[in-house]
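K.L.:
Numbering-wise, my numbering puts 93 at position 93 of the sequence shown, and it's gapless, one number per residue.
By construction, these hints were calculated from the structure, which means they are not laboratory data. In this text, a Cβ means the ideal position worked out from N, Cα and C, and glycines have one as well. Don't take every hint at face value.
Below, in silico cross-link-like pairs of lysine-lysine (DSSO-like), each with a Cα-Cα straight-line distance of 27 Å or less [what the hints assert, rightly or not]:
1) K75 with K36
2) K22 with K75
3) K22 with K36
4) K55 with K22
5) K75 with K55
6) K22 with K57
Pairwise CB distance ranges (calculated) [stated by the list, open to error]:
7) E130 with K57: 37 to 47 Å
8) V21 with K57: 34 to 44 Å
9) R17 with E71: 15 to 25 Å
10) G56 with D122: 14 to 24 Å
11) P116 with V143: 14 to 24 Å
12) E128 with K57: 37 to 47 Å
13) W102 with G131: 17 to 27 Å
14) P116 with V79: 30 to 40 Å
15) D122 with D81: 15 to 25 Å
16) R17 with H97: 15 to 25 Å
17) K36 with K57: 14 to 24 Å
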Amino acid sequence: MALVLIDTNVLVYAYDRGEHVKQEQAIRVLEYLHEKQIGRVSVQSLSEFFSATTKGKTPILTREQAAQQVEDFVKIWRVLDLTPQVVIEALRGVREHQFAYWDAQIWAVARLNQVPTIFSEDFNVGAELEGVCFVNPFADDFVLSEWK
């Protein structure tokens with residue numbers, strides 16, 4: 001079974017009570033990836049998760065809760081590092097593929113770590129770029145049990 005890089009939005013939706021349908025789907029997806037031991041996260045996604053869940057007037061989580069979740073993610077998922085090579089590859093993604101930088105960095109982490117799939121709602125769904133396929137686990141036509 002192919003490895004999957006989990007983008008920040010999937011992690012955040014698992015805790016976002018304001019997005020009930022997406023929350024349920026995110027929890028199902030994360031449980032499936034954990035059960036199959038095919039999920040991976042990047043250092044970037046862990047950082048973005050903390051920031052996204054603790055900002056604003058009504059944060060999704062307290063800082064303490066978010067910090068605990070990040071610690072739990074580190075225990076559950078294999079974490080892929082940010083390296084100088086990832087930054088250089090992300091810059092190539094910006095120049096050659098017109099990615100926004102942070103999206104390019106997620107793509108670069110997947111590509112350089114030979115993770116063929118990114119689960120995210122932020123990319124051109126169904127596209128494949130240099131061996132990395134983008135899948136939106138929140139799309140109406142996504143069926144987790146049928147996903148390859």
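K.L.:
Next, verify each hint and record whether it holds.
P.N.:
Hints, verified against the model:
| no. | hint | verdict |
| --- | --- | --- |
| 1 | K75 with K36 | holds (16 Å) |
| 2 | K22 with K75 | holds (24 Å) |
| 3 | K22 with K36 | holds (21 Å) |
| 4 | K55 with K22 | holds (20 Å) |
| 5 | K75 with K55 | holds (24 Å) |
| 6 | K22 with K57 | holds (22 Å) |
| 7 | E130 with K57: 37 to 47 Å | holds (41 Å) |
| 8 | V21 with K57: 34 to 44 Å | violated (24 Å) |
| 9 | R17 with E71: 15 to 25 Å | holds (21 Å) |
| 10 | G56 with D122: 14 to 24 Å | holds (19 Å) |
| 11 | P116 with V143: 14 to 24 Å | holds (19 Å) |
| 12 | E128 with K57: 37 to 47 Å | holds (40 Å) |
| 13 | W102 with G131: 17 to 27 Å | holds (20 Å) |
| 14 | P116 with V79: 30 to 40 Å | violated (18 Å) |
| 15 | D122 with D81: 15 to 25 Å | holds (21 Å) |
| 16 | R17 with H97: 15 to 25 Å | violated (35 Å) |
| 17 | K36 with K57: 14 to 24 Å | violated (38 Å) |
Of the numbered hints stated above, those contradicted by the structure are hints 8, 14, 16, 17, listed in ascending order.
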